[in-house]
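Peer 1: First to last, the protein sequences are chains A and B. Note that our numbering gives residue 107 to position 108 of the first sequence, counting from 1, and the numbers run on in steps of one. Note that our numbering gives residue 166 to position 150 of the second sequence, counting from 1, and the numbers run on in steps of one.
Treat the hints loosely; a few may be bogus.
Straight-line alpha carbon distances no greater than 27 Å define the calculated DSS-like cross-link-like pairs of lysine-lysine that follow [to be verified]:
(1) Lys79(B) <-> Lys50(B)
(2) Lys79(B) <-> Lys60(B)
(3) Lys79(B) <-> Lys104(A)
(4) Lys50(B) <-> Lys106(A)
(5) Lys104(A) <-> Lys60(B)
(6) Lys106(A) <-> Lys162(B)
(7) Lys50(B) <-> Lys60(B)
None of these hints come from the bench; they were simulated from the model.
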Amino acid sequence: MNAISQAHRGSRVRIAVGVTGVLMLAACASTPPPTASLQAAQLAISNAERTDASRYAPGELGEARTKLASADTAVKEQRMIMAERFAEESRAEAELASAKTADVKAKAVNHEMTRSTDTLVEEMQRSSGDKP
Amino acid sequence: MNTVNYSGVNLRRTLIATTVASVLLAACAAAPLKPDGAAEVRSKLTQLQSDPNLGSRAPLAIKEADAAVRTAEQPQADTELAAHRVYLADRKVETARAQAETSLAEDQRAALSAQREGARLDARTREADTARSQVATARAEGAEQKLAADQARSESDAARVAAANSEQQTTELQRQIEELQARVTDRGLVLTLGDVLFESGRADLKTGTAGNLNKLVFFLNKHPDRSVAIEGYTDSVGSEDYNQALSQRRADSVRSYLVRQGIGSGRLTASGMGMSDPVAGNDSAAGRQQNRRVEVIVSNPPAASR
Numbered sequence: 000m001n002a003i004s005q006a007h008r009g010s011r012v013r014i015a016v017g018v019t020g021v022l023m024l025a026a027c028a029s030t031p032p033p034t035a036s037l038q039a040a041q042l043a044i045s046n047a048e049r050t051d052a053s054r055y056a057p058g059e060l061g062e063a064r065t066k067l068a069s070a071d072t073a074v075k076e077q078r079m080i081m082a083e084r085f086a087e088e089s090r091a092e093a094e095l096a097s098a099k100t101a102d103v104k105a106k107a108v109n110h111e112m113t114r115s116t117d118t119l120v121e122e123m124q125r126s127s128g129d130k131p
Numbered sequence: 017m018n019t020v021n022y023s024g025v026n027l028r029r030t031l032i033a034t035t036v037a038s039v040l041l042a043a044c045a046a047a048p049l050k051p052d053g054a055a056e057v058r059s060k061l062t063q064l065q066s067d068p069n070l071g072s073r074a075p076l077a078i079k080e081a082d083a084a085v086r087t088a089e090q091p092q093a094d095t096e097l098a099a100h101r102v103y104l105a106d107r108k109v110e111t112a113r114a115q116a117e118t119s120l121a122e123d124q125r126a127a128l129s130a131q132r133e134g135a136r137l138d139a140r141t142r143e144a145d146t147a148r149s150q151v152a153t154a155r156a157e158g159a160e161q162k163l164a165a166d167q168a169r170s171e172s173d174a175a176r177v178a179a180a181n182s183e184q185q186t187t188e189l190q191r192q193i194e195e196l197q198a199r200v201t202d203r204g205l206v207l208t209l210g211d212v213l214f215e216s217g218r219a220d221l222k223t224g225t226a227g228n229l230n231k232l233v234f235f236l237n238k239h240p241d242r243s244v245a246i247e248g249y250t251d252s253v254g255s256e257d258y259n260q261a262l263s264q265r266r267a268d269s270v271r272s273y274l275v276r277q278g279i280g281s282g283r284l285t286a287s288g289m290g291m292s293d294p295v296a297g298n299d300s301a302a303g304r305q306q307n308r309r310v311e312v313i314v315s316n317p318p319a320a321s322r
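Just chain B, with the same shape it has in the complex (with noise of 0.2 Å):
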């Protein structure tokens, strides 16, 4: 009974130790299990590792998370130890990335300021552009500012010359109404030819009298700008319808002379004011001769004359 008993108690030791190595070689067939979140931790490196843009980035970061991974990868039968060790690796991989980033982050910048600094000489060289084709338009500017000015000296030269020129002709004007013989009045020239240039009673113009006329013509064709206003006058002999017409006849035959000199019909009015304006007494055979007479009046200039 007692090796009965005995061989029980091997028998007994026997699947024990069966059992045990069963379960040994279960927990060797399990060994290949990597603790919880490793292979997480694996393949967030292995993302990182095959970025074209960071894996070859912070490569001591990269040595550290690898390191790290690898040690959470080994099986560990205490899972506070193995969750500490993932926890680890997942902090370094993290790190590595943050510092693959930074670095490249440093790199674009190098590009970035490279653009800037174009972009900058871009906008220095359109500037300089800009305030050359200023300076040009200011020269051009300049330039026309001289000429502008030069006109100005010419325009006020010839302002000086006409000045000259006017004063000249004034003086010219001056002569020639004193060779006319007229007066100057509000009306303007007043020319008075005398009865000397008509037979008494007619009103054609008296042969080789015009020399006086031919003054007043040649005053008319230096001033063109002036009309003339021709005026007869009679004295009181006579009736005075019959004073009128003959003035009116006489004053006709003068602006007749006039235009056949070649004075503008349209520059000529003539008209009859018998014995209206008496410039003398009509008691005195001198004083009648001084009424009957045609006054020729050239207007002033339309713009009055200096």
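The following block holds chain A by itself, in its conformation from the complex (with noise of 0.2 Å):
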């Protein structure tokens, strides 16, 4: 009676054992990608693109492709949660991206045109040092 009831206890826990693991498979199969998240990654690194981020600001241009990839990978691996923390580093990396990259061209502007001023208060010596 007693090994009865010790084998019955053990199917028990089998039992129970498996219905938990079809359910842990069952939540995680509910889940579904981050599809927003890679999405708005995906539109943030086209939108560095598209402002030559690629040339004003490398790193975190490569820096977010590199996260997006990941978190592809990690949708591929049903890691959902990496990946969408994945994809809103890649966007986060990507708004940066575009930000340097306005930033730097402001700059370069600027710096221009103060060339250009001194150029031409330059010139203007020379030419009113030529005819005092």
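Could you fit the two chains together into a complex? Lean on the hints.
Peer 2: As structure tokens, then:
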């Protein structure tokens, strides 16, 4: 009787484990890929590329691409939480790439303006030096 | 024993509960601990917000960054999630800073543009000034040229007048030469004074016969640039020495007369040529009379007269 009850108990445990496993699997299968985050990341990268970020902020843009690739890999591995985090990080990185690109460009324009103004002033002084 | 056993179990449960509670309390005490890196991100954000040039720029991005930092600062047992949040917050702070700096650069650009416009305006003003002064210079030069042209015109007028004068003078000279009854030769004007001026064998001029010489004086006064060579000649009567001396004295006599009439002695040379150069035969009285003469040679002016 004791042996029977022990055997019973063992089979109940096994069933419970099995059910739990199925439930867990079901849970995993039911977590959808973070489509919105992935799309947002992809859009942010496209925007950055359009502003020529590969030239002005290559580090950030490269990092954004790497993170997006990691997110895709995580989706394939069914690690959806990881996928979402990678996607969010990719987007943040791509947005930073865009912001840095705009900053570098704006400063370059200012630098050029300063330079041309200086040149103008210099030329003027030279020409006025020639004819005092 | 069972009871004891029970109480032992109870005691153990109590101990466990106490331990768990104290662990929980400890956890509560540790709760204010922020995830790694959150403090650094907060510090970065604070630095951006307190920057007088950047703090008020990119307000939306700064607000988002602030929210992300606050999320990152929340205690999180899941270290991966905590690190993810810190990462996101850091990127957002960086993005906010880049946007604020872009905005600052764009604002500065307006000032730079104004500066450049100012410099351009200066340059143009200077150019205009230069152009204006060049025009003024050109105008002055034009006036100068006009003046020069006027001068040239007046000079050419003067030249015309001079030419007219000179023509008139030439005509006058011609008339005077005719008056003097002089010959125009390569040496100059040759005026022959016949021996009627002199007594035979004498060198002083006959009185009242200076009319012809006075025409010469008048001519020489009119033409002060001409010098005069006075040459005395004789016929072949008498010795050579005598004739030489006589011709010299007659030439000197004419010279003295001219000097007395006010002709500069520097312009006058007198020489006796004796009987060396007869203009006619000495075998007749008429020929000898022609040979007794004084020739006055008036040099041509230094610049050959036109």
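Peer 1: Each hint: holds or not?
Peer 2: We went through each hint and held it up to the structure:
no. : hint                    : in the structure
1   : Lys79(B) <-> Lys50(B)   : holds, 20 Å
2   : Lys79(B) <-> Lys60(B)   : holds, 14 Å
3   : Lys79(B) <-> Lys104(A)  : holds, 24 Å
4   : Lys50(B) <-> Lys106(A)  : violated, 37 Å
5   : Lys104(A) <-> Lys60(B)  : holds, 23 Å
6   : Lys106(A) <-> Lys162(B) : violated, 58 Å
7   : Lys50(B) <-> Lys60(B)   : holds, 16 Å
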